[in-house]
Amino acid sequence: MHPFDFVAATSVADVNSVLAQHGNRARPLVGGTDLLVQLRGGRFELDAVVDIKSVPEANVLELNGSLKMGSAVPLAEFYENQGVRNAYPGLIDCAELVGGIQIQSRASMAGNLCNATPSGDTICPMIVHSAQVHITSAKGDRTVAVEDFCTGPGRTVLEDGEWVLDITFPAPASGFGAAYERFIPRNEMDIAVVGVASSVTLDGSGKIADARVALAAVGPTPVFIRDITALLVGKEPTEENFVAAGKIAHDAVSPITDMRGTIEQRRHLSGVLTRRTLTKAAERAKAG
Amino acid sequence: MVDKVHVKTTINGQEFEFLVEPYMSLLETLRDVLNLTGTKEGCNDGNCGACTVEMNGRIVDSCCVLGAELNGATINTIEGMATPEGLHPLQQAFLEEAALQCGICTPGFLVSAKSLLEKEPDADEHRVRHWLAGNLCRCTGYDKIIKAVQKVQTSA
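Protein chains in written order, with the working numbering: chain R, 1 to 288; chain W, 1001 to 1156.
Because the hints were derived from the structure by calculation, they are not lab data. Note that beta-carbon positions come from the ideal geometry of N, C-alpha and C, so glycine has one too. Worth double-checking, as some hints may not be accurate.
Incomplete in silico selection of chain W near chain R, CB under 10 Å [as the list claims (entries may be wrong)]: (1) M1001; (2) P1022; (3) D1045; (4) G1046; (5) G1049; (6) N1056; (7) L1095; (8) G1108; (9) G1134; (10) R1138.
Below, a list of computed lysine to any residue pairs in the SDA-like style, where the Cα atoms sit at most 25 Å apart [what the hints assert, rightly or not]: (11) W:K1004 / R:S54; (12) W:K1040 / R:M189; (13) R:K280 / R:D251; (14) W:K1004 / R:R43; (15) W:K1119 / R:M189; (16) R:K68 / W:R1058.
Using the sequences plus the hints, can you model the full thing?
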């Protein structure tokens, strides 16, 4: 492995300074469950790795109506937080099924997002929760919606010197519910053949005021399907409408055939899991 | 040339201070710098759990941690399980239930199972299996391992 320097950052300025100095030859380290494996595998070389786990702003987990989650918060700390569990069950769905316990001890949702694999289990749930990514660098800050963050397999909107400081989830509206499900041939420790996240917001009369559906492992990036939102808004949360939404997902995705599944299987699963997660999201919306 | 990192850490209750190459994994640091070779290398990419250690109260794959991250951390490894008086109950149960064959996965399973029983002594079989899903074994078929963990639960 190409030798790199290790910097234990204790402030945002520390991280900005290392990344500004090294450009794309430096990266932040949180869990290391993707980064260190990729470095060891020779996917790319770095001159510096910046551990951001001692940066206070990257460790926040503030639930105050909305939820602000620092980029270094590991999945286990996220899903063990009772307030977060109560407010965001649709995010708990995905946080609890990434890897095994060892991975969940270290890996963060922001890391999953920055790794930008199309199958990343936490990305689609963040999309349907309308999460916003806070990007920072020595040059300043900007905010990007999660659905606009990934640009290709392993590619993101991050420019040299930029990193993710935190991710904010809006307060769940009254009548909001969300759910994530993935299909894998095992019970755990596997990568999604297809994963689908859905959210539904019901208005006072029980009609759909908003719906968001995003799919994993069926395209070069996580796929947010706006046509489903357009179809469902103003409609009743019925099986028939959710089947129709599944049909849109089936037709809209662009999966490949690989060792995990075929194009046909993935299209089929896209439809089924869209219907199922919309149904579960609507049930949670009614209960919440 | 990169600079070595100065690390002060507590491993199995004992304080260590040493220099480590910044790109060395925690697994390599334990085995090759500190000569704590009980922790095993399996896949070396975060899948098999053979290198599991407890770091600051959570189990981690030590192949996916840098040795430099040890600075200020508290680590427990397989070497910390038995005492001069005898084996840890989990180790004894693994022997009695034949929960190991080749032994490469065993330290990882023991460290993981110990962590679970300390956090959730009443974990049911489903939870035990789920918790240990990040530890792979190609010999036993898992049932003997699960039985060994449950044996410790019932005799505790």
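Verification of the supplied hints:
Among the interface hints, the one on M1001 (chain W) holds; its C-beta lies about 8 Å from the nearest C-beta in chain R, closer than the 10 Å criterion. At its closest, the beta carbon of P1022 (chain W) sits 3 Å from a beta carbon of chain R; the interface hint therefore holds under the 10 Å criterion. Hint status for D1045 (chain W): holds, given a least beta-carbon distance of 5 Å to chain R, under 10 Å. At about 5 Å, the closest approach between the beta carbon of G1046 (chain W) and any beta carbon in chain R falls short of 10 Å, and the interface hint on this residue holds.
Taking 10 Å as the C-beta cut-off, the interface hint given for G1049 (chain W) holds, the closest approach to chain R being about 6 Å. Hint on N1056 (chain W) holds. Least Cβ distance to chain R is approximately 9 Å, under the 10 Å limit. Because the closest C-beta pair between L1095 (chain W) and chain R is about 24 Å apart, greater than 10 Å, the hint is violated. Checking G1108 (chain W) against chain R: minimum C-beta separation of about 9 Å stays under 10 Å; hint holds.
Of the supplied interface hints, the one on G1134 (chain W) holds, with its beta-carbon coming within about 2 Å of a beta-carbon of chain R, less than 10 Å. A least Cβ separation of about 14 Å between R1138 (chain W) and chain R goes past the 10 Å threshold, and the interface hint is therefore violated. Distance check on the hinted pair: K1004 (chain W) and S54 (chain R) sit about 20 Å apart at the alpha-carbon level, within 25 Å; holds. For the hint linking K1040 (chain W) to M189 (chain R), the alpha-carbon distance of about 20 Å falls within 25 Å, and the restraint holds.
The hinted pair formed by K280 (chain R) and D251 (chain R) meets the criterion: a straight-line CA distance of about 22 Å does not exceed 25 Å. The suggested pairing of K1004 (chain W) with R43 (chain R) holds, with an alpha-carbon distance near 24 Å, which does not exceed 25 Å. About 21 Å separates the Cα atoms of K1119 (chain W) and M189 (chain R), which keeps this hinted pair within 25 Å; it holds. Of the pairs offered as hints, the one joining K68 (chain R) and R1058 (chain W) holds, with about 23 Å between alpha carbons and a cut-off of 25 Å not exceeded.
Consistency note: the structure conflicts with the earlier hints numbered 7 and 10.
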